[in-house]
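Listed here are the chains, written in short residue letters.
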Amino acid sequence: MTDTPIRILIAKPGLDGHDRGAKVLARGLRDEGFEVIYTGLRQTPEMIADAAEQEDVDVVGLSILSGAHMALLPRTVALLRERGMDEVLVAAGGIIPDADVTKLKAAGVAEIFGPGTSIGEIARYFREHVRREA
Amino acid sequence: MNQLVSELASGGRRPLARLLTRIENGDPELRPMLPALFAAGGNAHVIGITGPPGSGKSTLVNALITEWRQRGRRVGILAVDPSSPYTRGAILGDRIRMMEHAADRDVFMRSMAARGELGGLAATTWIAAAALDAAGYDPILIETVGAGQSEVEIARLAETTVVVEVPEMGDEVQAIKAGLLEVADIVAVNKGDRPGADRAARQLRAMMSTAGGRVERTPPVIMLTTATTGVGVADLADAIEAHRTSARAPVAARGRAASQVRRAMADLAARRAEASPAWDETVQAVADRQLDPLTAAERLLDRVP
Chain A
-16 MTDTPIRILI AKPGLDGHDR GAKVLARGLR DEGFEVIYTG LRQTPEMIAD
34 AAEQEDVDVV GLSILSGAHM ALLPRTVALL RERGMDEVLV AAGGIIPDAD
84 VTKLKAAGVA EIFGPGTSIG EIARYFREHV RREA
Chain B
62 MNQLVSELAS GGRRPLARLL TRIENGDPEL RPMLPALFAA GGNAHVIGIT
112 GPPGSGKSTL VNALITEWRQ RGRRVGILAV DPSSPYTRGA ILGDRIRMME
162 HAADRDVFMR SMAARGELGG LAATTWIAAA ALDAAGYDPI LIETVGAGQS
212 EVEIARLAET TVVVEVPEMG DEVQAIKAGL LEVADIVAVN KGDRPGADRA
262 ARQLRAMMST AGGRVERTPP VIMLTTATTG VGVADLADAI EAHRTSARAP
312 VAARGRAASQ VRRAMADLAA RRAEASPAWD ETVQAVADRQ LDPLTAAERL
362 LDRVP
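For the record, the sequence lines run as chains A and B. Heads up: the first sequence runs through residues -16 to 117, numbered per the working numbering. Heads up: the second sequence runs through residues 62 to 366, numbered per the working numbering.
Don't read these hints as lab results, they were simulated from the structure. Positions of the beta carbon are idealized from the N, C-alpha and C atoms, including for glycine. Be a bit skeptical, because a hint or two may be false.
[Said to hold, decoys possible] The following residues of chain B were derived to be distant from chain A, with all beta-carbon distances above 12 Å:
id, residue
1, Thr306
2, Ser307
3, Arg309
4, Ser337
[Said to hold, decoys possible] Using C-beta positions, here's what the derived DEER-type ranges look like:
id, chain 1, residue 1, chain 2, residue 2, range
5, A, Ile102, B, Arg315, 45 to 53 Å
6, A, Asp14, B, Asp254, 33 to 41 Å
7, A, Glu65, B, Asp353, 58 to 66 Å
8, B, Thr356, A, Glu65, 58 to 66 Å
9, A, Val7, B, Gln351, 44 to 52 Å
10, B, Asp349, A, Ser101, 28 to 36 Å
11, A, Arg110, B, Asp349, 33 to 41 Å
12, B, Asn104, A, Glu65, 24 to 32 Å
13, B, Ala336, A, Arg110, 23 to 31 Å
Excised from the complex, chain A in its bound form (with noise of 0.2 Å):
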């Protein structure tokens, strides 16, 4: 079955408005071939697990501009772990000083999709990277 098309869950965490970008890159995965759930704006981190963990998505895209990526993404990855959704891809998409971005991976954020990253990029490495558990 892995022909079967990726799911992802795409979703702004926190309070910030801006969710041109997000709108694009679903728009883009979805000609990529992608079935793509977006969820909108002001996601807590619990709404974003609970929803990922009903879609039983293989990839969680997170696109954040506030600043608040420190609080918010190593929460999100924790509450999806924690539904034992242990195979799930999280990435973010976003404004992200490389200082933080070494935090971030070590606290589960697989990659992180800074300005000019092109979707075909983005694409690519969710198909190498997706896992599916058996």
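Place chain B on chain A using the hints.
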């Protein structure tokens, strides 16, 4: 197999979510479990919510979830959005309107891509509904792809079909056309706070006062709702619940079952024919106009087991 069913009944969300993925992906290992899964269900009221894109289906579903949660029910939702015929990709956006219920342990909501089906549902939606049913969710709301005039697949599956329309739906002739409105047990004229909403509801009532199509049916109930404020939603939930008795009448249940079997048979025959060695040459013969499609289908059907 029964382990699967008892696992579902115990209320774990993760096992249900994993099962739904396997259902969507057509996992062949699930096939032997289907009879037990189907047998474990039958309790839930299965409700279809359909209507044109932008008529407010998701917002209305969200309001109905709130209403039924207040009534102490555990609500299951399947929301279907279209897949791209070119890339197979999809944007599943129905959750945006329902995120307030994401953390409620008694609400389970799953987005499904139609994956090539054109009737407004995915081919596996009925199995997914059986899984939610076996997991104890009742009612189960199935929101279809935004429908045009004839995506009526939902009426095969749902005991109660709600067609959501907006006040600007068109004139009286739209209301008497065959198709989508014809399968409605209930029509919700949504965005009821807009000018002309009352008039649209009155027109629909006047034009749809006969039962249409199937003899066992009563005329549809026309309701006015404003999903964003919740006005009319409790009445809609009441009307849906009231419809259940007639939906469970033997003649209605038998009608739905017949069309489900007919549909399953068509799918199965097509899949078997496509796997048969005669498929390629038969299709080519039609392409070369040496054979017409109906004769081709007859020949293939005669050859498949």
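Any hints this thing doesn't respect? Which numbers, in order?
10
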